[in-house]
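Q: Chains as they are written, first to last, in this note's numbering: chain Y, 1 to 116; chain U, 1 to 114.
No wet-lab data here; the hints were simulated from the structure. The beta-carbon is built from N, C-alpha and C at its ideal position, and this holds for glycine as well. Mixed in with the good hints, there may be bad ones.
[To be verified] Under 10 angstroms between C-beta atoms, here's a sample of chain Y residues computed to sit facing chain U: (1) Val-4; (2) Pro-9; (3) Ser-42; (4) Arg-43; (5) Phe-64; (6) Ser-65; (7) Phe-68; (8) Gln-69; (9) Ala-71; (10) Lys-73; (11) Arg-103.
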Amino acid sequence: AQTVTQSQPEMSVQEAETVTLSCTYDTSESDYYLFWYKQPPSRQMILVIRQEAYKQQNATENRFSVNFQKAAKSFSLKISDSQLGDAAMYFCAYRSKETSGSRLTFGEGTQLTVNP
Amino acid sequence: ETGVTQTPRHLVMGMTNKKSLKCEQHLGHNAMYWYKQSAKKPLELMFVYNFKEQTENNSVPSRFSPECPNSSHLFLHLHTLQPEDSALYLCASSQVAVYGDEQFFGPGTRLTVL
Chain Y
1 AQTVTQSQPE MSVQEAETVT LSCTYDTSES DYYLFWYKQP PSRQMILVIR
51 QEAYKQQNAT ENRFSVNFQK AAKSFSLKIS DSQLGDAAMY FCAYRSKETS
101 GSRLTFGEGT QLTVNP
Chain U
1 ETGVTQTPRH LVMGMTNKKS LKCEQHLGHN AMYWYKQSAK KPLELMFVYN
51 FKEQTENNSV PSRFSPECPN SSHLFLHLHT LQPEDSALYL CASSQVAVYG
101 DEQFFGPGTR LTVL
C-alpha cells in the first residue's frame, strides 16, 4: 500500500518570502500522480498543483512549483512571493495509475502561517 | 450555485439518532466521493461513486450508508454513530473516476457525535 508522509506539521513564512513544504511517499509503482491540495480556514480543499510521475519536468502554477525527485520519492512544494492568502493547511496526495480505482492517499498535512 | 455544496455545515447528533448528510455538485461530473477528515489524521476515502454506481468502499462500518440517486447528488446516511465518528466529512466530485482527473471538494460537514 502507498503511504504519504509530511514531516512538517507547521511552517511559517514572512510575506513575500519563499517557503518549501516537504512530502515523501512510498510506492512500488512506477507510474502515478502526485498532488498538492490547499485547505484554507473555510475548509474547502483546492487543488494547487499536479505532477505525473512519468514527466521529468517539474510542474509549475504561477507562484507554486514542485521539486519532484522520483528516485528519492520526494515531492516538495515551493511557494514564492508568499501572500497572506496562502495561509492554509497543505496536503500532499498520491494517486495510483497502475491499480484500478480512484483512491487519493493523503499525507497528514502542513499548516502554513504567513506573517505580515 | 456553482461547485460542490454540502448541507448541513454543522451537525450535532446523539448516538441513537439518524441523520443524513447531503452533497450536490453543479459541475456536470459523473464521479462523487465521501472523505472523512479527523483531527491530526490524513483524509480517509470512504466511498466512491462513478456514474451512480458504487465503485469503492474503503471498509467503512455499516453505520455509514451512502446513497447516490443521480450523478449530481450524494448522501451519507448516519445511524447509531460513535463519538469517534466525530469529524469533518468532505464530499468531492470529478469528471469521472479516472486516475488523474481533478477532484473538486465541498466545504464539508462538521459532525459531532455526543
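Q: If a hint holds in the structure, say so; if it does not, say that too.
A: Checked hints:
| no. | hint | verdict |
| --- | --- | --- |
| 1 | Val-4 | holds (7 angstroms) |
| 2 | Pro-9 | holds (8 angstroms) |
| 3 | Ser-42 | holds (6 angstroms) |
| 4 | Arg-43 | holds (5 angstroms) |
| 5 | Phe-64 | violated (15 angstroms) |
| 6 | Ser-65 | violated (18 angstroms) |
| 7 | Phe-68 | violated (15 angstroms) |
| 8 | Gln-69 | violated (20 angstroms) |
| 9 | Ala-71 | violated (22 angstroms) |
| 10 | Lys-73 | violated (17 angstroms) |
| 11 | Arg-103 | holds (5 angstroms) |
Hint compliance for this structure: hints 5, 6, 7, 8, 9, 10 are broken, all remaining hints hold.
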